[in-house]
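Novice: Make a model of the complete structure from these sequences and hints.
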Amino acid sequence: MKSKTYLKIFFIIIAIIGSIAIIYTNYFARHYPLPLTSRISFDAKIKFIRDKIDPDKIDTLIVGSSLGLNNIQGTVLEESSSVIKNVLNLSVYGARATQVEQILELSDAFPNLKRIIYSAQYSDFAHARYYDKTNYEAELIIKYIRNELNPIKSWKIMFNACKDIFFCMKRQMDWEVKHTYNNKFEYLGFDSTGSVPLHIYGDDIIGHRWRGPQPNIQNPKSFSAVDRMSSRAAQKGIKYYLIQQPYRGPLAKENEFVQAALNWFAKKNIQVLKKNGGYFVSLHEKLNLGDKYFADRTHLNDQGSELVAREIAKIIDLNEGK
Amino acid sequence: MFFNSYEFIFFFLPVTFFIYFYLNKKRLTEASKAFLVFASLFFYSWWNIIYLPLILVSMLVNYTVGRELSTYTSKSRNYSPKMILGVGIVFNLALLGYFKYADFFITNLNKVFHSEVSLLNLALPLAISFYTFQQIAYLVDSYRKETKEYDFLNYAVFVTFFPQLIAGPIVHHSEMMPQFAQLKNKVKNYHNIALGLFIFSLGLFKKVIIADSFAVWATQGFDVAEQLNMLEAWVTSLSYSFQLYFDFSGYTDMAIGIALLFNIKIPMNFFSPYKATNIQDFWRRWHITLSRFLKEYLYIPLGGNRKGEIRTYANLFTTFLLGGIWHGAGWTFVLWGALHGFALVIHRAWKKLGFKMNTFLAWFITFNFINIAWVFFRALNFESAIKVLKGMFFGELIISSSVINYYEGIKEFGWRFGNWSTLYETENYLYLWFIAVFIIVLFLPNSMQLKNKFKTNLFFMTLTILFFLSIFMLYRKSEFIYFNF
Numbered sequence: 003m004k005s006k007t008y009l010k011i012f013f014i015i016i017a018i019i020g021s022i023a024i025i026y027t028n029y030f031a032r033h034y035p036l037p038l039t040s041r042i043s044f045d046a047k048i049k050f051i052r053d054k055i056d057p058d059k060i061d062t063l064i065v066g067s068s069l070g071l072n073n074i075q076g077t078v079l080e081e082s083s084s085v086i087k088n089v090l091n092l093s094v095y096g097a098r099a100t101q102v103e104q105i106l107e108l109s110d111a112f113p114n115l116k117r118i119i120y121s122a123q124y125s126d127f128a129h130a131r132y133y134d135k136t137n138y139e140a141e142l143i144i145k146y147i148r149n150e151l152n153p154i155k156s157w158k159i160m161f162n163a164c165k166d167i168f169f170c171m172k173r174q175m176d177w178e179v180k181h182t183y184n185n186k187f188e189y190l191g192f193d194s195t196g197s198v199p200l201h202i203y204g205d206d207i208i209g210h211r212w213r214g215p216q217p218n219i220q221n222p223k224s225f226s227a228v229d230r231m232s233s234r235a236a237q238k239g240i241k242y243y244l245i246q247q248p249y250r251g252p253l254a255k256e257n258e259f260v261q262a263a264l265n266w267f268a269k270k271n272i273q274v275l276k277k278n279g280g281y282f283v284s285l286h287e288k289l290n291l292g293d294k295y296f297a298d299r300t301h302l303n304d305q306g307s308e309l310v311a312r313e314i315a316k317i318i319d320l321n322e323g324k
Numbered sequence: 002m003f004f005n006s007y008e009f010i011f012f013f014l015p016v017t018f019f020i021y022f023y024l025n026k027k028r029l030t031e032a033s034k035a036f037l038v039f040a041s042l043f044f045y046s047w048w049n050i051i052y053l054p055l056i057l058v059s060m061l062v063n064y065t066v067g068r069e070l071s072t073y074t075s076k077s078r079n080y081s082p083k084m085i086l087g088v089g090i091v092f093n094l095a096l097l098g099y100f101k102y103a104d105f106f107i108t109n110l111n112k113v114f115h116s117e118v119s120l121l122n123l124a125l126p127l128a129i130s131f132y133t134f135q136q137i138a139y140l141v142d143s144y145r146k147e148t149k150e151y152d153f154l155n156y157a158v159f160v161t162f163f164p165q166l167i168a169g170p171i172v173h174h175s176e177m178m179p180q181f182a183q184l185k186n187k188v189k190n191y192h193n194i195a196l197g198l199f200i201f202s203l204g205l206f207k208k209v210i211i212a213d214s215f216a217v218w219a220t221q222g223f224d225v226a227e228q229l230n231m232l233e234a235w236v237t238s239l240s241y242s243f244q245l246y247f248d249f250s251g252y253t254d255m256a257i258g259i260a261l262l263f264n265i266k267i268p269m270n271f272f273s274p275y276k277a278t279n280i281q282d283f284w285r286r287w288h289i290t291l292s293r294f295l296k297e298y299l300y301i302p303l304g305g306n307r308k309g310e311i312r313t314y315a316n317l318f319t320t321f322l323l324g325g326i327w328h329g330a331g332w333t334f335v336l337w338g339a340l341h342g343f344a345l346v347i348h349r350a351w352k353k354l355g356f357k358m359n360t361f362l363a364w365f366i367t368f369n370f371i372n373i374a375w376v377f378f379r380a381l382n383f384e385s386a387i388k389v390l391k392g393m394f395f396g397e398l399i400i401s402s403s404v405i406n407y408y409e410g411i412k413e414f415g416w417r418f419g420n421w422s423t424l425y426e427t428e429n430y431l432y433l434w435f436i437a438v439f440i441i442v443l444f445l446p447n448s449m450q451l452k453n454k455f456k457t458n459l460f461f462m463t464l465t466i467l468f469f470l471s472i473f474m475l476y477r478k479s480e481f482i483y484f485n486f
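Those sequence lines, one after another, are chains A and B. Residue 218 in the numbering used here sits at position 216 of the first sequence, with consecutive numbering throughout. Residue 274 in the numbering used here sits at position 273 of the second sequence, with consecutive numbering throughout.
Some clues are possibly wrong.
Partner residues aside, some chain B positions facing chain A, computed with beta carbon under 10 Å [to be verified]:
{"hint": "1", "residue": "Tyr7"}
{"hint": "2", "residue": "Pro82"}
{"hint": "3", "residue": "Ile85"}
{"hint": "4", "residue": "Asn190"}
{"hint": "5", "residue": "Tyr191"}
{"hint": "6", "residue": "Leu196"}
{"hint": "7", "residue": "Thr457"}
{"hint": "8", "residue": "Asn458"}
{"hint": "9", "residue": "Met462"}
{"hint": "10", "residue": "Leu470"}
{"hint": "11", "residue": "Met474"}
Each computed BS3-like pair below joins lysine-lysine, with the alpha-carbon atoms no more than 25 Å apart [what the hints assert, rightly or not]:
{"hint": "12", "chain 1": "A", "residue 1": "Lys4", "chain 2": "B", "residue 2": "Lys185"}
{"hint": "13", "chain 1": "B", "residue 1": "Lys308", "chain 2": "A", "residue 2": "Lys10"}
{"hint": "14", "chain 1": "A", "residue 1": "Lys10", "chain 2": "B", "residue 2": "Lys266"}
{"hint": "15", "chain 1": "B", "residue 1": "Lys187", "chain 2": "A", "residue 2": "Lys6"}
{"hint": "16", "chain 1": "A", "residue 1": "Lys10", "chain 2": "B", "residue 2": "Lys112"}
{"hint": "17", "chain 1": "B", "residue 1": "Lys456", "chain 2": "A", "residue 2": "Lys6"}
Quick caveat, the hints were computed from the structure, so don't treat them as lab data. All C-beta atoms, glycine included, are put in the ideal place defined by N, C-alpha and C.
Specialist: So this is what it looks like as structure tokens:
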């Protein structure tokens with residue numbers, strides 16, 4: 003083959019591959035969560051907000067780990083409360099208290115925010131972990147979810163996110179299998195508020211998650227994060243509720259350390275929130291839910307998360323005077 | 002700017018290529034050279050423009066001294082060319098010494114005399130070791146009247162030509178300048194472009210896919226783990242041996258490929274070094290242009306093998322000791338150089354005594370010696386080196402539980418079974434990587450052999466495209482190891 007012809011064919015093939023990569027990236031960005039942070043549920047949430055939420059309408063944010071994502075149904079909260087109009091569940095699987103504090107940097111994207119509901123349990127306070135700043139740039143994400151970036155910057159974000167195109171392809175392949183079944187703990191089918199109610203019953207319950215309590219490790223940095231979050235909310239005139247999620251009763255009864263952990267969690271948070279004017283509510287005590295509402299030791303199934311949402315609505319309505 | 006970056010591959014390289022040949026097409030050959038120098042300095046300054054004045058000063062001084070040497074006639078001067086050469090070499094070594102070794106010297110001085118001289122904390126100017134050596138070679142060649150007189154622009158092209166500026170290969174004035182002068186090299190050569198793209202893509206693949214994968218495991222073992230069991234330690238040291246080879250030879254391939262786009266042939270720097278069956282053979286295959294420099298400008302001037310056997314050993318040892326120091330200001334580099342010097346002395350003595358060895362055994366010993374010596378080369382300090390070496394030879398041997406299913410019998414030896422590594426527990430396909438990479442380095446043709454076989458046919462096009470697909474992994478952007486030297 004003549005060298006010139008060889009090069010022509012070579013560059014045509016490279017151009018075709020490049021074009022396919024660009025088209026694929028576009029397709030991926032439209033249908034799947036771009037890898038912007040290090041957590042798929044966070045990425046999915048960012049895409050969800052950008053595609054489906056009007057940030058100016060949001061008055062209530064639910065934050066937390068899976069205990070925020072799975073344990074409170076935002077739609078039920080909206081229906082049941084007379085003060086809550088538009089809920090966004092901004093919770094992310096696996097988010098520790100310190101990471102929730104980072105997630106709340108995004109609250110600036112919602113100018114009409116009136117309340118934050120942090121849904122947690124002592125297990126969320128075990129370790130002080132942080133999102134890597136190289137993967138999480140709050141200011142940029144705020145503009146991104148508000149669709150305030152110019153097309154070039156949006157494209158740049160898209161291509162930066164899909165620089166590792168094989169990762170995007172893998173994510174696409176995994177998506178269907180891992181995240182579209184509501185009987186799995188990786189489920190990411192958001193309701194209209196971004197909550198993820200789980201339909202885990204019977205055989206879908208995972209034994210060790212059902213039976214094994216989490217160790218009582220509560221890092222002081224987690225309480226400091228609550229202190230800062232509630233203080234910042236107070237400064238902005240936003241109400242801050244910390245909801246302690248229910249824990250399976252039999253586990254608390256059988257294991258002294260679980261009861262001690264639940265008590266310590268409540269006691270410390272009440273102390274912290276007292277000075278900043280936040281509200282602490284233990285739904286573990288208040289609802290005393292039976293096993294039929296649980297998907298594991300502390301995650302609730304869709305029946306449980308509905309009950310929790312109704313109870314929170316009641317509390318907020320009472321507290322906010324309607 | 003890294004060769005393995007989008008800005009280089011999709012912006013800098015094509016733009017420089019097209020402007021350079023456009024200027025040549027318009028017969029603006031001087032302008033094309035000036036543009037190439039400008040582009041190269043832009044490429045160099047991309048990291049940190051603060052380094053730019055230093056390389057410019059170094060070039061100006063060396064050019065002046067070199068010109069003085071090449072035009073020297075005894076009638077008009079009252080100083081000898083040796084003195085001029087001395088001044089030039091001292092200037093270069095002082096520059097290198099100040100920027101690279103000052104803090105090392107002060108630290109040791111403080112330790113010995115219990116003094117508290119403050120460190121200079123100077124950032125090592127990029128490529129200083131390479132352009133200093135290249136220019137020392139130029140001065141010596143000028144002293145030997147082996148250089149023709151060129152103007153500063155030509156000289157600047159020789160020093161700054163961006164493919165080889167940062168980490169070599171270390172080139173001779175005489176092998177570069179005639180190429181820039183040849184008229185046929187000023188027009189696009191499609192065969193060279195095709196070949197250049199192939200070699201560049203191959204280098205990109207070596208760096209991005211192989212070296213950067215091994216880098217993760219090497220870093221885990223050297224910098225993260227506090228203690229290593231036997232298998233982890235071997236994984237760590239072998240990972241670094243492969244990382245270094247594929248990183249540096251990948252860089253060199255990319256440099257050779259890029260230079261070919263401009264019709265410039267850069268000498269090869271690697272020739273399957275891990276196939277070496279003795280240490281001398283290794284240095285004929287590894288960083289060939291450095292070995293050539295050390296031989297021509299250090300070993301031979303020291304007397305080479307012309308002054309008796311003992312002196313030859315001393316010269317060999319000294320050359321490699323200094324070669325070690327050239328790589329970095331640290332005692333680990335000194336020890337690494339000394340180990341290689343010592344090994345070369347032993348090899349020479351062995352040969353002199355007429356001993357022979359089975360080829361496989363010779364390879365095995367050579368490879369393991371090199372691998373062990375790299376531990377000192379890579380380790381940030383002696384503690385880290387000892388941690389890895391201790392693991393390699395005295396660490397606990399834990400055999401993967403999965404092996405028991407196949408070889409029940411080995412239970413009897415009293416080895417521990419379980420999770421063979423806590424450091425690499427998610428990396429079970431490590432085995433496959435090592436098998437693949439041993440096959441590559443020991444049995445497959447190297448880049449230079451492939452370069453010689455290259456034809457513009459479907460096979461090589463497919464290979465080029467497959468290698469070029471490494472651009473999809475450029476998100477793992479990482480520096481080349483030899484940028485630090």
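Novice: Confirm or reject each hint.
Specialist: Results for each hint:
1. Tyr7: It holds, given that the least Cβ distance between Tyr7 of chain B and chain A is near 8 Å, below 10 Å.
2. Pro82: With a closest approach of 47 Å, the Pro82 of chain B hint is violated.
3. Ile85: violated (47 Å)
4. Asn190: Because about 8 Å separates Asn190 of chain B from the closest Cβ in chain A, which is inside the 10 Å limit, the hint holds.
5. Tyr191: Status holds, d = 4 Å.
6. Leu196: holds (9 Å)
7. Thr457: With a minimum Cβ separation of about 4 Å from chain A (threshold 10 Å), the hint on Thr457 of chain B holds.
8. Asn458: holds (6 Å)
9. Met462: holds (6 Å)
10. Leu470: holds (7 Å)
11. Met474: holds (7 Å)
12. A:Lys4 x B:Lys185: Within the cut-off at roughly 19 Å; holds.
13. B:Lys308 x A:Lys10: Cα-Cα ~59 Å, so violated.
14. A:Lys10 x B:Lys266: Cα-Cα ~23 Å, so holds.
15. B:Lys187 x A:Lys6: holds (17 Å)
16. A:Lys10 x B:Lys112: violated (63 Å)
17. B:Lys456 x A:Lys6: Holds, at about 12 Å.
Of the hints listed earlier, those the structure fails to meet are numbers 2, 3, 13, 16, in rising order.
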